[in-house]
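*Asks:* If you want the building blocks of each chain, they are given just below.
4 protein chains.
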Amino acid sequence: MSEKPWDGRFQESTDKAVEVFTSSIAVDSRLYRHDIEGSMAHCRMLAKQGIITNDEAEKMVAGLAKIKGDIESGHFAYSDSLEDIHMHIESALTQDIGETAKKLHTARSRNDQVALDIRMYLREVSRDVIALLKDIRTILVTLAEKHDGVVMAGYTHLQRAQPVLLSHHLMAYYEMFKRDEERFTDGLKRINVMPLGSAALAGTTYPIDRAYTAELLDFPKVSANSMDSVADRDFIIEFISASSICMMHLSRFSEELILWSSSEFAFVVISDAFTTGSSIMPQKKNPDIPELVRGKTGRVYGNLMSVLTLMKSLPMTYNRDMQEDKPPLFDTVDTLTACLDIYRRMLPNITFRERRLSETTETGFINATDLADYLASKGLPFRDAHEAVGRTVAYGLGNGKELQDMTVAELKGFSPLIEDDVFAFLETRNIIDRRISQGGTATANVREAVAQAKRDLGL
Amino acid sequence: MSEKPWDGRFQESTDKAVEVFTSSIAVDSRLYRHDIEGSMAHCRMLAKQGIITNDEAEKMVAGLAKIKGDIESGHFAYSDSLEDIHMHIESALTQDIGETAKKLHTARSRNDQVALDIRMYLREVSRDVIALLKDIRTILVTLAEKHDGVVMAGYTHLQRAQPVLLSHHLMAYYEMFKRDEERFTDGLKRINVMPLGSAALAGTTYPIDRAYTAELLDFPKVSANSMDSVADRDFIIEFISASSICMMHLSRFSEELILWSSSEFAFVVISDAFTTGSSIMPQKKNPDIPELVRGKTGRVYGNLMSVLTLMKSLPMTYNRDMQEDKPPLFDTVDTLTACLDIYRRMLPNITFRERRLSETTETGFINATDLADYLASKGLPFRDAHEAVGRTVAYGLGNGKELQDMTVAELKGFSPLIEDDVFAFLETRNIIDRRISQGGTATANVREAVAQAKRDLGL
Amino acid sequence: MSEKPWDGRFQESTDKAVEVFTSSIAVDSRLYRHDIEGSMAHCRMLAKQGIITNDEAEKMVAGLAKIKGDIESGHFAYSDSLEDIHMHIESALTQDIGETAKKLHTARSRNDQVALDIRMYLREVSRDVIALLKDIRTILVTLAEKHDGVVMAGYTHLQRAQPVLLSHHLMAYYEMFKRDEERFTDGLKRINVMPLGSAALAGTTYPIDRAYTAELLDFPKVSANSMDSVADRDFIIEFISASSICMMHLSRFSEELILWSSSEFAFVVISDAFTTGSSIMPQKKNPDIPELVRGKTGRVYGNLMSVLTLMKSLPMTYNRDMQEDKPPLFDTVDTLTACLDIYRRMLPNITFRERRLSETTETGFINATDLADYLASKGLPFRDAHEAVGRTVAYGLGNGKELQDMTVAELKGFSPLIEDDVFAFLETRNIIDRRISQGGTATANVREAVAQAKRDLGL
Amino acid sequence: MSEKPWDGRFQESTDKAVEVFTSSIAVDSRLYRHDIEGSMAHCRMLAKQGIITNDEAEKMVAGLAKIKGDIESGHFAYSDSLEDIHMHIESALTQDIGETAKKLHTARSRNDQVALDIRMYLREVSRDVIALLKDIRTILVTLAEKHDGVVMAGYTHLQRAQPVLLSHHLMAYYEMFKRDEERFTDGLKRINVMPLGSAALAGTTYPIDRAYTAELLDFPKVSANSMDSVADRDFIIEFISASSICMMHLSRFSEELILWSSSEFAFVVISDAFTTGSSIMPQKKNPDIPELVRGKTGRVYGNLMSVLTLMKSLPMTYNRDMQEDKPPLFDTVDTLTACLDIYRRMLPNITFRERRLSETTETGFINATDLADYLASKGLPFRDAHEAVGRTVAYGLGNGKELQDMTVAELKGFSPLIEDDVFAFLETRNIIDRRISQGGTATANVREAVAQAKRDLGL
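Protein chains in written order, with my numbering: chain A, 1 to 459; chain B, 1 to 459; chain C, 1 to 459; chain D, 1 to 459.
Bound conformation, chain A alone (with noise of 0.2 Å):
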């Protein structure tokens, strides 16, 4: 039975399957960097106020320093007896400095103190999960240069639609991908607040400066209500939405290059240092990276759903179930950027197939707007052009001829509009060209999209 920082009024020791069932040490041992960093701080602003003095500062300041090398060699012991994070980093430098140490708690409460960790941690976290994002955004804008001109299919309800440029189809993920980055920095705004100092709940009747320590530690911003800044984890929820969002992304990436490496589209071929095989098909090459993105989607998803459960009808302010919050987000952190690194690392290990590609525009009656804006340039008016083409095209499905492939007599049979040039206007290459309102998909305005993306990237 351990020592408890709260042992006075109890008069029994805590029950050994309590301490197990209660501790978080597993989870939070994470946060020990930035539970150190932050009691440095924590500790010169005292001095600073001279609420300890120097001596006692640098006392608690290396004895901390030590406590972290130990920790990152590996030289540290972690029991449940210990409760989290805090409590062994403070017990070991009791054991460490003696009893100067027992100064550290002065003016904080371990409530300010998670969420101080909490908030170090997540901002961190969150540049990472940035500069992720704009790897992967490189990497697009790399491939959309890369297969510049190439011609693909663009698909509606899983349906040939109309033709579209490859670069075209990438530069859509690069769009969402800019989206995620921008909520992951507006919610940086709300994490990168500084809440120490708000102690338990109330403030404290040290004399402390919460802007001094703000500036320690490279906070823009104080807290400026005690018992929100140790009750709210709102900054964790919209942390793990924004995931969730990137996520849905990725998990849409992942759809079509699964889909796309399957016999039936055979548009991609992923490398096999990014594939898997089969113990039993001796032919089997499986896209395993796309398909755990996918699923892992789910799992970003449910700890979501976990946090805001949690703090569903939470009263002001602390309560334990809050300790319910860091494994959802450490899972949600570690999910999301395993998934931004492998898609980091396996995109430009993905062959386009361009032949394949392109011969998608070909078939499906893909290029049926076209003709329906052929009649509409000849004046018909829209919807009567789409009426005359769709029987074009019921006349197409049923004696086995795409547009392209019919005569001039047979089309004219659905309009005397048709003449000659109608098939030049409905060449892929035409067709997509023709396409040039602003966010197209004509060759220039992809190049031109692609030029900007590079600019908004620095490269």
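These are calculated hints, taken from the structure and not from any lab test. Fair warning: this is a prediction, and the values are worked out from it, not measured in the lab. Cβ coordinates follow ideal geometry from the N, Cα and C atoms, glycine included. Hints are supplied without guarantee of correctness; some may be wrong.
What the hints assert, rightly or not - Derived pair list, reagent style DSSO-like, types lysine-lysine, alpha-carbon separation capped at 30 Å:
#1 B:LYS16 to C:LYS134
#2 B:LYS221 to A:LYS178
#3 D:LYS178 to D:LYS134
#4 A:LYS221 to B:LYS454
#5 B:LYS134 to A:LYS221
#6 D:LYS189 to C:LYS378
#7 C:LYS401 to D:LYS4
#8 D:LYS189 to C:LYS189
#9 C:LYS59 to D:LYS378
#10 B:LYS4 to B:LYS16
#11 B:LYS178 to C:LYS16
#12 A:LYS134 to D:LYS16
#13 B:LYS178 to A:LYS178
Claimed, not checked - Counterexamples of contact, computed for chain D against chain C with all Cβ distances above 10 Å:
#14 LYS16
#15 SER24
#16 ARG30
#17 SER73
#18 TYR78
#19 ASP135
#20 GLY149
#21 VAL222
#22 SER263
#23 ASP334
#24 ASN399
#25 MET406
#26 ILE436
#27 ARG447
Here the structure of chain A is known, so what remains is to put chains B, C and D in place on it, guided by the hints.
*Replies:* Here is chains B, C and D on its own, set in the frame of chain A:
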């Protein structure tokens, strides 16, 4: 059997059950105004670009205005066979002004049209929510001022922890709703982007001017990639996510109001006009509104999960699944705005029982931390002071005495450092007013927080 | 301002906005029939027990019957001020038959009344769902028989894995829906329990006969604890959970139908009557129904999360939050039954393109496992056989040759055990028919599975 | 770089980052025992069918037994390059017994193997959960007996509603956990089905005897369709769903224990051994266990959402996404069993403060319903009686008098039907004991419920 806008290639007419199953008119009729305004702007842009004549544009705009009037006056018939609001309006326009109406759909598709409608709707709704949040923040500030100086127990783990000011407690919610407002404001940046002109997925061949349409519709930005524009709904998820967080905050406030309305807490009386009774138990007066708000939290969380699941793994670009984005979005908007609105009405109808609140600071050893601080201020390390006070509390529990009810002699038994000045030190008002750290509950701090809030709100 | 059933102790009338906010009549009017039937049984029991006279009971039952008629013929007015369906009916009864009506509420409360109504509704709905699932299973069996012997690629990781029978594939869904049916049947045990007589929460002082009420309403069981009876909604969560699993199965079937409708797979043609087109692209024929069903999956998942969140942490017994159980329940019922119904209609309107399906077994080295089995049957350990075939496949990929297109000499290069008999061994039909393990895809097995299914369905 | 079981067709070795990303060994090593037992049964069946020799089988079974021992004694090394527990065991077996080991994988695949392992694991876990629930039901019955006759306020809307027995309240939880148990038992029917022999997806060509394997492993049933067997995880979702409902029940119990531990309610004292304190506030004694259980509810809900999302829209049959079923399943199992176990330990360590509980029935007009019943028993229609009592309560509130504190004269002012006998009628014990309806709170009824529960539990 109605005429469909895509009949041409089809040999069979749509099964009636399919019409009912696929129809969205019961849901998306809500978008009629945004659809019509979007169409008007589209017309004007088409005319400006010479794609249609000014006469045609005027005729269409007038026809659309008439339809808007018809809908608003209840003279408009809906039918499942016309699928959605877009087809209803176009069909009505064709009946009213004839063939010209068919030109309305030039250079656009339902894919970009519905994206436009939702974005117009959602930016309006976001602004409404922001206004409601501002109202609630204003009411909170008013309540904080009205109850200036009222003391109460602050809680952690639903245990009395340290005395705080009621206004400090109320201002914690002020901070939460302020962050909610920021989230909706940040989300608006991603909502307020003009997608029209993306057409079905690839852009359009017509020489449209998207920037002009954006200008007419007061959009600061035009979407950059046509595929992304019709394929993504991340801005909806972001809105429902911000709504979920806001409902989480409301659920916490509601939980407190429910607790506070109980016989056991008895902190507040919600006026008769804002409570209901029981058909069986004549004495009952139930806090139905906070209960319902707490319950509706699940509804918004569910909507979030619904759209996240919906969008998971959808390949590019538009898929019919995405029609299902609107029921959870609209339900979220209705639920959130109803909850904020009823809170806005109810809050001023709550009476805080100041004497009862004050009593909660007199029992439960709520001044124990301050006794520890007292000892610490006399040189005892905080951890030791904590231990001594813990034993004092154990003694008090056993003897039915609060700290302030013990004699100096009794207290000295736990630490010789204790002197007569301890009693003034332990008075609630002093305890509160010593918590002068930034964001703490000292009266002066809370008054400054209120003053700052009023400046922020322009009051 | 209406009269409330609880006006006595209230000094102020309910705020109009509160009436609207708390009213559930727009949602729970759906329960009118169950509410009336429950009330009739309650009347009859009260009379049998001598709590009211037979005359009073007859008068009330007749009055209730009339109200039922009025509601069903549309001659019944709803108003938010009457809160819910229970008050509407009681209020109408009072208008119709006068003072006697007030006795209807003897020995019951709205708390047990609404619990009764939902349980009556939900057992009816469960039986409907079970019937729909039986229909779909019947159709699957019919399709399996109709396509007896049709071969296709079986997939893992969306890669062609091994040949299977189309009917085997269809019967996999048969099994899933069979388990779904079992889950709804199991849930019924917990739904079909009679709660009336639990009153507000503590039971009633009247000498009621709950078993008799249960008998009249065809409940096999009476609830055992009055507090539990009015406080729990676990049977609703269980129903929505079973619905979520069923939607998950439907989403998988839908995903396959969408894939199979693509130009790339081209395995099926859904009839024109069960697809829709595009307002822009004349060639499009979209699998809207499976897409919408797939999308609606999120809706049911969201409803599950909604009720789970709702019920979390509610103290005993009834809380007003629980009014929010009905919107997600009703939406789940509507969504699930609509999806099952439209599937029931659509499935017979799907044409399987048998030749195309057959082709998928001829490429992609889908017979590679069987070559390994061939080698294993000649004594090579399976892992070694797998490795040899892996190299053969690599050779085939490099030289554009399927296994069956290689010469014996070429094949012998990878294993000297290969002889001429290999080609028969690798024929699709033989591959399939060798898989005679119980539950395997051999024609005889699948025919037996179909026969068993028909026996199970009583066909 | 390790050897993979599918190296044959691959030209490049797997990227190290891919090995780490796709490895599941850190998670699925938990299944080692089930994997080994399943493999032993498979061996024996293969030998019985003459597919391998008895010698080979014995060698493999002995080798597997040794590996099991090594794992359990900690002498087994794990590595990401061996992917999963199946490969680890097979690889160790090959090292131990040489070439023969390779025959273990005859007539099976990892797809059916992992399905077997999870089903074996989950039926074991289900039985553990059922046993834990039985323990908790036993404890509840014991507590109900121990506190026989203790009265307390029953609540609706967290308002005092009617007096009940504490044992009645406790038995409400008994009923909930009984239904939870039933759900796990029902789920077992669908878990306890033997999938081995389904092979990769299509069944196997070997003359296996699946019924024999099932017999060896004590499965009552063999799965019917090989594709379904490797493709579905509905039984996992059903388990997590039942777990979510059970956690919902625990969260309600926890909420009550937290409320009841507050100074305001003060209904219970949880022993020191099952609570913790604060590092800052020396007086604090926090109900950490119920708080953590309440918080962990979100975790299980999140896991449910995770697997539902995971499985949504996956085409047949096995997809790598499905590897992600295990983290949420295992976390659910760990969380649920830890929560049930700690409840089992904590419940006997709760002291109910009987006098305080009794006091709650003496204020708050909790006997108002009974005054209305009193009037109704004298012939007044209940709705009118309710109204009269409502006015009496309003009078009492204004004059600070409970009903039992008024004079007959005062009471007569609200209804002339009131006589002297009213006071006995309004006594708590009488109020409770009049509620003799089946399932009501009358002492005799509750004693009978407890007796019935003991019979059900075999006590």
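*Asks:* Each hint should be assessed against the structure and marked as holding or not.
*Replies:* Hint check results:
1. For the hint linking LYS16 (chain B) to LYS134 (chain C), the alpha-carbon distance of about 23 Å falls within 30 Å, and the restraint holds.
2. Between LYS221 (chain B) and LYS178 (chain A), the direct Cα distance comes to roughly 15 Å. Compliance with the 30 Å bound is thereby established for this hinted pair.
3. Annotation: proposed proximity of LYS178 (chain D) to LYS134 (chain D) holds, straight-line Cα distance about 8 Å (limit 30 Å).
4. Distance check on the hinted pair: LYS221 (chain A) and LYS454 (chain B) sit about 19 Å apart at the alpha-carbon level, within 30 Å; holds.
5. Between LYS134 (chain B) and LYS221 (chain A) the alpha-carbon distance is near 22 Å, which keeps this suggested pair within the 30 Å criterion.
6. For the hint linking LYS189 (chain D) to LYS378 (chain C), the alpha-carbon distance of about 40 Å lies beyond 30 Å, and the restraint is violated.
7. A distance of roughly 25 Å separates the Cα atoms of LYS401 (chain C) and LYS4 (chain D); the hinted pair therefore holds under the 30 Å criterion.
8. For the hint pairing LYS189 (chain D) with LYS189 (chain C), the CA-to-CA distance comes to about 15 Å; that is within 30 Å, so the pair holds.
9. A threshold of 30 Å between alpha carbons decides the hint, and for LYS59 (chain C) with LYS378 (chain D) the separation of about 22 Å falls inside it, so the pair holds.
10. Pair hint LYS4 (chain B) plus LYS16 (chain B) holds up; C-alpha atoms about 13 Å apart against a cutoff of 30 Å.
11. A hinted pair counts as satisfied when its Cα atoms are at most 30 Å apart, and LYS178 (chain B) with LYS16 (chain C) qualifies at roughly 29 Å.
12. A hinted pair counts as satisfied when its Cα atoms are at most 30 Å apart, and LYS134 (chain A) with LYS16 (chain D) qualifies at roughly 23 Å.
13. The straight-line distance between the Cα atoms of LYS178 (chain B) and LYS178 (chain A) is roughly 26 Å, inside the 30 Å bound, and the hint therefore holds.
14. Separation of LYS16 (chain D) from chain C is adequate, the least Cβ-Cβ distance of about 21 Å exceeding the 10 Å criterion.
15. The non-interface label for SER24 (chain D) is consistent with chain C: the shortest C-beta to C-beta separation is roughly 15 Å, beyond 10 Å.
16. With a closest Cβ-Cβ approach of about 24 Å to chain C, ARG30 (chain D) is found to remain outside the 10 Å limit, as its non-interface label requires.
17. Every beta carbon of chain C lies more than 10 Å from that of SER73 (chain D), the smallest distance being close to 28 Å; the non-interface claim holds.
18. With a closest Cβ-Cβ approach of about 21 Å to chain C, TYR78 (chain D) is found to remain outside the 10 Å limit, as its non-interface label requires.
19. Listed as outside the interface, ASP135 (chain D) is consistent with that label: its C-beta sits roughly 19 Å from the nearest C-beta of chain C, beyond the 10 Å cut-off.
20. For GLY149 (chain D), the condition that its CB be more than 10 Å from all CB atoms of chain C holds, with the nearest at approximately 15 Å.
21. Separation of VAL222 (chain D) from chain C is inadequate, the least Cβ-Cβ distance of about 6 Å not exceeding the 10 Å criterion.
22. Every CB of chain C lies more than 10 Å from the CB of SER263 (chain D), the least distance being 17 Å, so the non-interface label holds.
23. At roughly 19 Å, the least C-beta separation between ASP334 (chain D) and chain C is larger than 10 Å, which holds for a residue marked as non-interface.
24. Under the 10 Å C-beta cut-off, the non-interface status given to ASN399 (chain D) relative to chain C holds; the minimum distance is some 13 Å.
25. For MET406 (chain D), the shortest C-beta to C-beta distance to chain C comes to about 15 Å, beyond the 10 Å cut-off, and the non-interface label holds.
26. Chain C draws ILE436 (chain D) into its interface by the beta-carbon criterion, the shortest separation being 7 Å against a cut-off of 10 Å.
27. Every CB of chain C is more than 10 Å from the CB of ARG447 (chain D) (nearest about 13 Å), matching its label as outside the interface.
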